[in-house]
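Visitor: Residues per chain, in single letters:
Protein chains: 2
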Amino acid sequence: MAKQVKPAITPVRADDYPEWYQQIIKASDLAEKSPVRGCMVIKPWGYALWENIVRGMDDMFKATGVKNAYFPLFIPLSFLEKEAEHVEGFAKECAVVTHHRLEKSDQGGLVPAGKLAEPLVVRPTSETIIGDSFAKWVSSYRDLPILINQWANVVRWEMRTRIFLRTSEFLWQEGHTAHATADEAVARTQMMLDVYARFVEEFLAIPVIRGRKTPSERFPGAVDTLCIEAMMQDRKALQAGTSHFLGQNFAKASGIRFQNAQEQEEFAWTTSWGSSTRLIGGLIMTHADDNGLVLPPRIASAHVVLLPIYRSDGDRDQVMAYTEKLASDLRGQIYHHRPVQVEIDTRDIGGARGWDWIKKGIPVRVEIGPKDIEKDALFVGRRDDDPKKKTSIPRARFLQDFTAMLDDIQQQLYDRALDFRERNTQPIDTRDAFDTYFTPRSQEKPEIHGGFALSHWCGDAQCERQIKDALNVTIRCIPLKNQQEDGPCVCCGRPSKERVVWAKAY
Amino acid sequence: MAKQVKPAITPVRADDYPEWYQQIIKASDLAEKSPVRGCMVIKPWGYALWENIVRGMDDMFKATGVKNAYFPLFIPLSFLEKEAEHVEGFAKECAVVTHHRLEKSDQGGLVPAGKLAEPLVVRPTSETIIGDSFAKWVSSYRDLPILINQWANVVRWEMRTRIFLRTSEFLWQEGHTAHATADEAVARTQMMLDVYARFVEEFLAIPVIRGRKTPSERFPGAVDTLCIEAMMQDRKALQAGTSHFLGQNFAKASGIRFQNAQEQEEFAWTTSWGSSTRLIGGLIMTHADDNGLVLPPRIASAHVVLLPIYRSDGDRDQVMAYTEKLASDLRGQIYHHRPVQVEIDTRDIGGARGWDWIKKGIPVRVEIGPKDIEKDALFVGRRDDDPKKKTSIPRARFLQDFTAMLDDIQQQLYDRALDFRERNTQPIDTRDAFDTYFTPRSQEKPEIHGGFALSHWCGDAQCERQIKDALNVTIRCIPLKNQQEDGPCVCCGRPSKERVVWAKAY
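Chains as they are written, first to last, in the numbering used here: chain A, 2 to 507; chain B, 2 to 507.
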């Protein structure tokens, strides 16, 4: 290992994980708090990540036949009330529009005026308003399936917010489909979970477990909720995407009826599935280190930064010409379906310049000085290496191997994350061992404990509740690819047929 | 001209333009009204147009150094009040969030609860909330310029709405920049107007006039508003994009200060510029005809539909194989920066199938039957031709010439629109002639009158007001490339130095 350097982020991960997370976001210039309670400002370096997520995921959706559309931001209160569990799940966190005008008050300030006959809820999710359209679009089995996705902002009025992970407004996609049979809808639910899993593993380099939520963790109104769960560096779980089989619940609530081939009227079977800017939080907490953000190349806001170095004006011209030519050669290359994105940083700020890009997590840094140019070589640093490790590489070879280098970084990051998860996942068979596993090991570093426990569960919600109350640990999912095995419930000892994934969670 | 066919849209353009417009949207399946007052549902065929607008425009923005970011949906009331003209301009049409929760009422229904200390306005535009961020981001002239764009939804509570043209919620982009000097901000205002003009002419095939708004038509709070104006088929004007020089008004309101190179503190100079889903309304009203929508290939939701024709199962296999191969060959081609988009329609609905695609405005239709396959030829119809005109073209030549055919359609549509505008634009020098020009020529067809009048204006807002009150005609813009010419104001006769563009407008 190269010589230790002082970490760029204070505190380091091991000392105060939540504060480290905030510092990473600040140091990498991804986003910031806004003056509006719980809402964030996503800055260009952060928004570029979202653009890349949108592009990558959108292509995958479309390849399965899904088309994009757009539905109203506002949902009439009466629509939300159509599905009882659904409204119950969202009523406590709804932003409500009650007026459509501002008027001068007697005191001179502006006050809301023009009261609406029916309050409008800013969409927390769109099942009910999209269901209303589906009901109009469907009359025969020939109109099915309908496969729709929407990229949109949604609002859930959260009391405790954290940038990207839990904000009052966030950006997301929500897919909504309607089918003639339950089997087809169940297959679509599974298919979209697979899309999420593939996207998160292949683009974000985050390994995930595909599973099913227990009834108490289901989406309000769903018959079945599938999910992908990832492990963050503090060993907590992050739900990175969910796909819901809604049965006929929402079709009945919205009146999505069709005539089948036998000319009988039936309710359709629907699904919905969503993922959000929360993925960026997951990206940070999977890969970032004590020197800042670490971006997997396939999703990175930019792939490489060129750092020209010169003292004299004569040097400057030569170095800049060489740099521009290199940038142009790199931009002509395609890496994983998009042209290579190159930044050139000519700021005169000394060593802070390189550190800035380390903190921003760019995969590759290239220093270009007069001596390098003499040798027609570049001085190259990789973000997955120690920051002090830089290697001189002949320009031609660098260009030839550049996309392979990006692939190698991508793979490294995935492998490290998978290794971390495996080292912090273990089968636990007794309640005592379970309690110990999830109890902080040190007063000073309360974050260091636990991980994923693979333990038996009898299927009773009471056991879930008891463990949640005692340890703040929940069942993240029942893995889809699970081995059948007899064992005792880790809570009550009653018989169970399979182990489930228990963890603390975001 | 080929044999007349009965038009697919009733009423035709000439009889009832507003109703024709609604019928076009319905027949082409672009969008529909929603149960939420004034909000629209953009259906997949319409949303694909928006996706193409976003992609095309976004590339052009980025080429000028602009980066995307995202700011909160909600604006605290106190922010909106910071700029007096600004809040005045938007207060009458604001959706106001006053509560953040729903609770069961005594009657059992849900009612708003959790009253907010300060009401939040759903953004009608984001100058004030983005200004707040800029104030944090800028401290030195070295931090300038800041060049930001946001793709977002906005809400303006309109009383009379029309799909795409005026809706309470719409999708748009809003660019916001901050500069160290007035000159640089003015140049950026002009640059973004040029981007809009190029985009609208090159992608949407809509010719535009670049101009400046009179003071009474400026954006609330702007020092100068530039615009592009297009002529619709009912001879009314549509404002298709605006670019505002905001001076230091918003910098003062938001406190965007910087130290200049002489270490003196100054307020920054800002701009903003926007375009919206309204462009889709302009697209419809420029190109659609009595048979439905007509889509310019560079923006079309898809470029070509393949219509396989067969009677027997044996025919079916052969025709489908031939069709799939053709689709694959077409999809391998690039037209104007994107892969050719191909639809295959196998519905068994007879002649209605071809008409469906004519109504949807797809640029090229290709019929493929056993007899065509024998000759290795295709039966091709172009949307810019009469619907009955179809031509047999050898497959190889069709493939070779396909993108050139698309370019030809694109050019045809632009040329027709330009010709229409020129035929309906005239210099008018007297108030009598002006009144006649803008007075309906027939009781039965009240839409048939006027166009653009190029008439002198003295510069007095009173004259504008008088003509608006009398004829509902306004100054659309003072063209940027204008000839200096002495003449009498068409309203009051006082001297004027140039002609301006007068018209009725959307």
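Among the clues, some could well be false.
Which copy is meant is left open, so a pair is good if it fits within one copy or across any two.
[Said to hold, decoys possible] Mimicking DSBU-like on lysine-lysine, the simulated pairs with C-alpha atoms at most 35 Å apart in a straight line are:
1) K237 to K253
2) K137 to K498
3) K391 to K376
4) K469 to K93
5) K105 to K7
In case anyone wonders, no lab produced these hints; they're calculated from the structure.
The structure displayed is predicted, hence computed values, not measured ones.
Visitor: Tell me the numbers of any earlier hints that the structure contravenes, in ascending order.
Guide: 1, 2, 5
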